[in-house]
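**Student:** What follows is the residue order along each chain.
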Amino acid sequence: MTFKQMFTSSVGKKLIMGFTGIFLVLFLVVHAGLNACIWAMDGGVMFNRAGHFMGSNVVPRILEVGLFFFIFLHIIQGYMLTLQNRSKRAVGYAVNYSKGSKWYSRSMAILGTILLMFFVIHWKHFWVPSRITGVEEIKLPNGVEVHNLYAVMQETFQNIWVVVFYVVSCISLAYHLAHGFQSAFKTIGVHNKRYHAMISCIGYGFAIIIPLAFAMMPISFYLHWVN
Amino acid sequence: MLNAKIPAGKLEEKWVDYKGHCKLVNPANKRKMEVIVVGTGLAGASAAASLGELGYKVKAFCFQDSPRRAHSIAAQGGINAAKNYQNDGDSVFRLFYDTIKGGDYRAREGNVHRLAEVSSNIIDQCVAQGVPFAREYGGLLSNRSFGGTQVQRTFYAAGQTGQQLLIGAYQALERQVALGNVTMYARHEMLDVVKIDGKAKGIIARNLITGELEKHFGYAVLLCTGGYGNVFYLSTNAMGSNVTAAWKAHKQGAYFANPCFTQIHPTCIPVSGDHQSKLTLMSESLRNDGRIWVPKAKGDNRKSIDIPEEERDYYLERRYPAFGNLVPRDVASRAAKERCDAGYGVGTSKQAVYLDFAAAIERYGKTEVSKQGLSNVSHEEIIALGKEVVKEKYGNLFDMYAKITGENPYEVPMRIYPAVHYTMGGLWVDYELQTNVPGLYALGEANFSDHGANRLGASALMQGLADGYFVVPYTLGNNLADEIYNAPIPTSHPAFEAAEKAVADRINTLKNINGKQSVESFHKRLGKIIWDKCGMARNAEGLKQAIAEVQALKKEFWSDVRIPGEINEFNPELDKANRVADFIELGELMCVDALARDESCGGHFREEYQTPDGEALRDDENFMYVAAWETTGEHEWALHKEELKYEVIKPSQRNYK
Amino acid sequence: MAHNNLNLKLKVWRQKNANTTGAFVKYDVNDISDEMSFLEMLDVLNEKLIVTGEEPIAFDHDCREGICGMCSLYIDGKPHGPWEANTTCQLHMRAFKDGDTITIEPWRSNAFPIVKDLTVDRGAFDRIIQAGGYVSVNTGNAVDGNSLPINKDNADASFAAAMCIGCGACVAACKNSSAMLFLSAKVSHLALLPQGEPERKSRVLNMVAQMDKEGFGSCTNTGACEAACPKEISIANIARLNKEYLRAGLTAE
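So the protein lines, in turn, are chains R, P and Z. Quick note on numbering: the first sequence equals residues 2 to 228 in our numbering. Quick note on numbering: the second sequence equals residues 54 to 710 in our numbering. Quick note on numbering: the third sequence equals residues 240 to 492 in our numbering.
Derived from the structure by calculation, the hints contain no laboratory data. Any given hint could be a false lead.
Said to hold, decoys possible - Listed next, the in silico DSS-like pairs over lysine-lysine satisfying Cα-Cα at most 30 Å (straight line):
(1) P:Lys-710 with P:Lys-698
(2) R:Lys-100 with Z:Lys-336
(3) P:Lys-569 with Z:Lys-287
(4) Z:Lys-250 with P:Lys-569
(5) R:Lys-103 with Z:Lys-452
When you get a sec, could you build the whole thing from the sequences and use the hints?
**Tutor:** Here it is, written out as structure tokens:
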């Protein structure tokens, strides 16, 4: 068996979804942690410093390449699997079986599509200016000049529609995680009842806390809880 | 007199000697020899797999959509083996003795001893296949007791032993399919045996999806097609279980032995109405823990739980103190019928008795209390703990009961009544499991050989697997060794053409009757005649009436049956019509056999022949034989007798008191 | 117990054979005892159809005691009907109310082509077993059954997986038509026993390959299969299968 065979079977494709999913879960922890710096109430100094570290240090930059690779793998594989799976039932049911599973478990592709739309806009808001088109510089107390991403956030989140869109996306993320977190661990083979119960528990907690933290960011700026 | 070809010599050496001296087919020749196996239950799947492993080219047939569906799958309680793991005095001889005695001295000593000998190998083989038998905490195999024995020799997998054993055999079979040694023909029904120069050389099978007839050649034909309990319409058999393959063999000259020996199982869910299509068994293993009773007063209409202990009649414990609720099936069934006929029955139909777990639940609860070291435990807690234990042991059976009846058997006693379950009769075979037609074999329930007039619980699985795994691989080789000189016969041979035409003509005739009554309605009427007059109790007058009624029914069937649909398509009504037509003919033979056997033995209870206290009264002087019937014309049969010689066991009246 | 009789309307999928398209046909069935099983209700309808010269509805069934796995039917949006942990043959009419309309569909999956009406071809399951769902032990090779003690918990877990009846409800319930619950039940049954050890890796790889070849979808852990399974086979078996697959795939030469 080659690795190609291994990862192109129905189970192998799922393994890719699971592993990339878990990587993305880890990324969310880092992203949420860094962004939480906005609540340091220091006018964005800590946040901008963290942003500068992520943008200038070689390790996060390498990880960033990996991140993009895994995100696209997760998206493309997800769409391909959804299309393939749909094609397995040429004639559908008149009455759908909805009692046996949660709606969000059956709607991962739709939730994922909302998240993809979010990514495009989110990148346009922050990543593109930061990496490509340029952002106004600001001098940190220690004299280093960095992008003032904090100001970009302040500005972006004055638009109520942007805030609403970010919040809706965070809800999608919550449901995507509610299924995806524990599903990823099942997919990579966690079958032990105790561990599975633990992971489910952590998964639901994660699916609430992380999207909530993200959603609070635009809201915080919009309502001027931070400035 | 028929010759069963039982090897000479001491009983315990017969099979060893046979195996040591039987002829063999060399591996290169096996690869050239096609063998046909019809039916894929325990006997068929195990035979097909074992023969495939030996190198024969096997063609296996089943009417279901997959070989895994065969009705062996429904066996619940367990499989016997003389392992003596419990150190309770079991041995090959004791299993042999119990089986002969349980069969009311109407089985062959040689066959039964062989069965007991190979019983241990079956368990080993199944364990090696990965059959998940129940185990003790030490990791070793667990046993329980079953009716008609005083040792614990029954191996089990919860209430699904048959399923697990069949899945084991099925997997072995599918492995051979994957290796190319077995070709599987699912949704195919055998509709005739093809004979050339007096030997079975193939079959005509109908593809049930397309309706096409197919001709298949084989050096030997093994019928592993189960029993004919569905002649009664209502039975614990699957809806598709049928006698057709065996009956076609009979029509081609194979003798049908002891057809009147049918087993009525004592613990089934009672009939609830006219719509009933089948009856569901509650495993005999329940009698390990359940106590059977009826009210002491006639026509007592109180609810079961309102009847106080002293007003209950535990009639099996009363009549048979030594075996109590674990008497053999025929004895337990008749005792239930006797109570109900006498007016003590319960439930709305009054055709039921109680199977009560209250005592067992309390007993297990108390054991749990001491096991868990609990103190100050209330009665309710004890009962709750006991219910947990009972649930673990019999949960699936209790659930099934609740689904069917809508009652909760953890709270109220089950209502049970006897129902047709197994047929001891079947195609006559010799020691090698070959019928009197050379090249035609019958294995498992399809033959008559090992259970005499009554089968003990947990012995059917044992026999099916013994025949398939450990007997036929030897005996078939012994006969095929001489066939290697004969080239395979092409299916263009006139005998194949003629057989195919005969089958096609019969189907056309059936289809073109275009009458008014459905197949099912005929089957129901047949079932009622046989159940009323050739069921748990028979008498000469009733049997004579039954014969006349069945003959009339046959005439009516062939002039007024209506089969919708086309011949060349998937047509379950046509499949059923083919089967019911054969059941009708068999029904008549059952009555003929029951009428000819002027004695009572095992499952055959002639009312004229009973002891003063209502037990079966055998007549060893005149009826110590196997009745093998040869068809000689419409409604005509000739009786051939095979004398039963008991060299080791001395027949006596069965005593379970 | 008091019993009621029901009058019902049925919407049944009728399809002559695999090559034609089908459609729903409506039937009225009256005076149905609530003590009947669901299949007995269909028997009553079929008897009526036969007598009036119509073709009866073809549906698979055999043991009618919930163990052979032959019966199917997707009833009112659930495989095997409304009751939990149940097969169609054990579903009784108590589950319905007078005046109900019941929609009856066949299992729907490309891997289970329709034979006629409500009957489908589940041969794909047999072929998956052929790919490795067994222990390669010829008759006569076995050692004494007690020579290899097996931890009771493992034996029980193995049995719980081996209870699968191969009915296909998992596939019918799954939005992806995945056969993973069926496959994982067999892989778990044998992976939990020492007898299954020698072929542990090749078994899972070959069976997954065959499943893919048959045209089943992949698992997205929605849990519909587990909820529809008449034998309550746990979805944890699928996670075990994934682990077995990963282990076998990574360590294969």
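**Student:** Given the hinted pair Lys-250 (chain Z) and Lys-569 (chain P), is their Cα-Cα distance within 30 Å?
**Tutor:** 27 Å, holds
**Student:** Please work out if Lys-710 (chain P) and Lys-698 (chain P) have their alpha carbons no farther apart than 30 Å.
**Tutor:** 27 Å, holds
**Student:** Next pair to validate is Lys-100 (chain R) with Lys-336 (chain Z); report whether the Cα-Cα distance is within 30 Å.
**Tutor:** 20 Å, holds
**Student:** Does Lys-287 (chain Z) sit within 30 Å of Lys-569 (chain P), going by the straight-line distance between their CA atoms?
**Tutor:** Within the cut-off at roughly 12 Å; holds.
**Student:** Does the alpha-carbon distance linking Lys-103 (chain R) and Lys-452 (chain Z) stay inside the 30 Å limit?
**Tutor:** Given pair Lys-103 (chain R), Lys-452 (chain Z) holds - Cα atoms ~29 Å apart, limit 30 Å.
The structure agrees with every numbered hint stated previously.
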